[in-house]
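Novice: With our numbering, the residue at position 160 of the sequence shown is 160, and numbering never jumps.
What the hints contain is simulated information worked out from the structure, not anything from laboratory work.
Honestly, I wouldn't trust all of these hints.
Said to hold, decoys possible - Here are the simulated DMTMM-like cross-link-like pairs (lysine to aspartate or glutamate), alpha carbons at most 20 Å apart as the crow flies: (1) Lys164 x Glu154; (2) Lys63 x Asp83; (3) Lys164 x Glu35; (4) Lys43 x Glu143; (5) Lys63 x Glu53; (6) Lys119 x Glu134; (7) Lys43 x Asp33; (8) Lys119 x Glu103; (9) Lys119 x Glu71; (10) Lys63 x Glu143; (11) Lys119 x Asp87; (12) Lys119 x Asp83; (13) Lys63 x Glu100; (14) Lys63 x Asp87; (15) Lys63 x Asp137.
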Amino acid sequence: MEEPPDRRPDLPRDWTDGHVERWTPVLPHLDPDIEGAVTRMSKLSRHFRQVREQGVADYGLQKHEFDTLHELAGRGGHAAPSDLRADLDLAPASITGRLEALERRGFVVRTPSTEDRRKVDVELTEAGRAAWREALDVVGREEHRLLGVLTPRERHTLADLLRKVLLAQEAGD
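Taking the hints into account, I'd like the entire structure generated from these sequences.
Specialist: The structure is reproduced here in structure tokens:
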């Protein structure tokens, strides 16, 4: 199989290069660039997920607790349980259980809504914000470590290319 003209034999090889080489004879119509990109994205996604899970655990949080704090922080630290439920794609009873557990840990407070006394507002406490932030920093450091090997222009190009692929996926949903 002839190498495409833009293939650079001078680049260091990673695990995926060997993976593609093993599969090319088995699947002669395999596009090495597509297989390489998909395999690398998959490996990076798994790596970031593992780093996130370990970082969350290192700060005494469970994944679902971190996810709830993350969504709450993303709403400015204040939200209605129904908004969090929608963000997290949960059943109403599930969000209630999560919020009760987070409230017992001092990470959130629930207060009657000033607009409708039948509803409650959820607020992120300083302790909740600190726990979320510490766990988030672990992930952020690893993202910067890995993507920091790219120039700012390369990171921008990568983000644009991934957006293009994701838009195609979203259009197919």
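Novice: Does each hint hold? Answer for all of them.
Specialist: Outcome of the hint check:
{"no.": "1", "hint": "Lys164 x Glu154", "verdict": "15 Å, holds"}
{"no.": "2", "hint": "Lys63 x Asp83", "verdict": "19 Å, holds"}
{"no.": "3", "hint": "Lys164 x Glu35", "verdict": "17 Å, holds"}
{"no.": "4", "hint": "Lys43 x Glu143", "verdict": "14 Å, holds"}
{"no.": "5", "hint": "Lys63 x Glu53", "verdict": "7 Å, holds"}
{"no.": "6", "hint": "Lys119 x Glu134", "verdict": "31 Å, violated"}
{"no.": "7", "hint": "Lys43 x Asp33", "verdict": "15 Å, holds"}
{"no.": "8", "hint": "Lys119 x Glu103", "verdict": "16 Å, holds"}
{"no.": "9", "hint": "Lys119 x Glu71", "verdict": "19 Å, holds"}
{"no.": "10", "hint": "Lys63 x Glu143", "verdict": "18 Å, holds"}
{"no.": "11", "hint": "Lys119 x Asp87", "verdict": "18 Å, holds"}
{"no.": "12", "hint": "Lys119 x Asp83", "verdict": "12 Å, holds"}
{"no.": "13", "hint": "Lys63 x Glu100", "verdict": "16 Å, holds"}
{"no.": "14", "hint": "Lys63 x Asp87", "verdict": "15 Å, holds"}
{"no.": "15", "hint": "Lys63 x Asp137", "verdict": "15 Å, holds"}
In this structure, only the earlier hint numbered 6 is contradicted, and the remaining ones agree with it.
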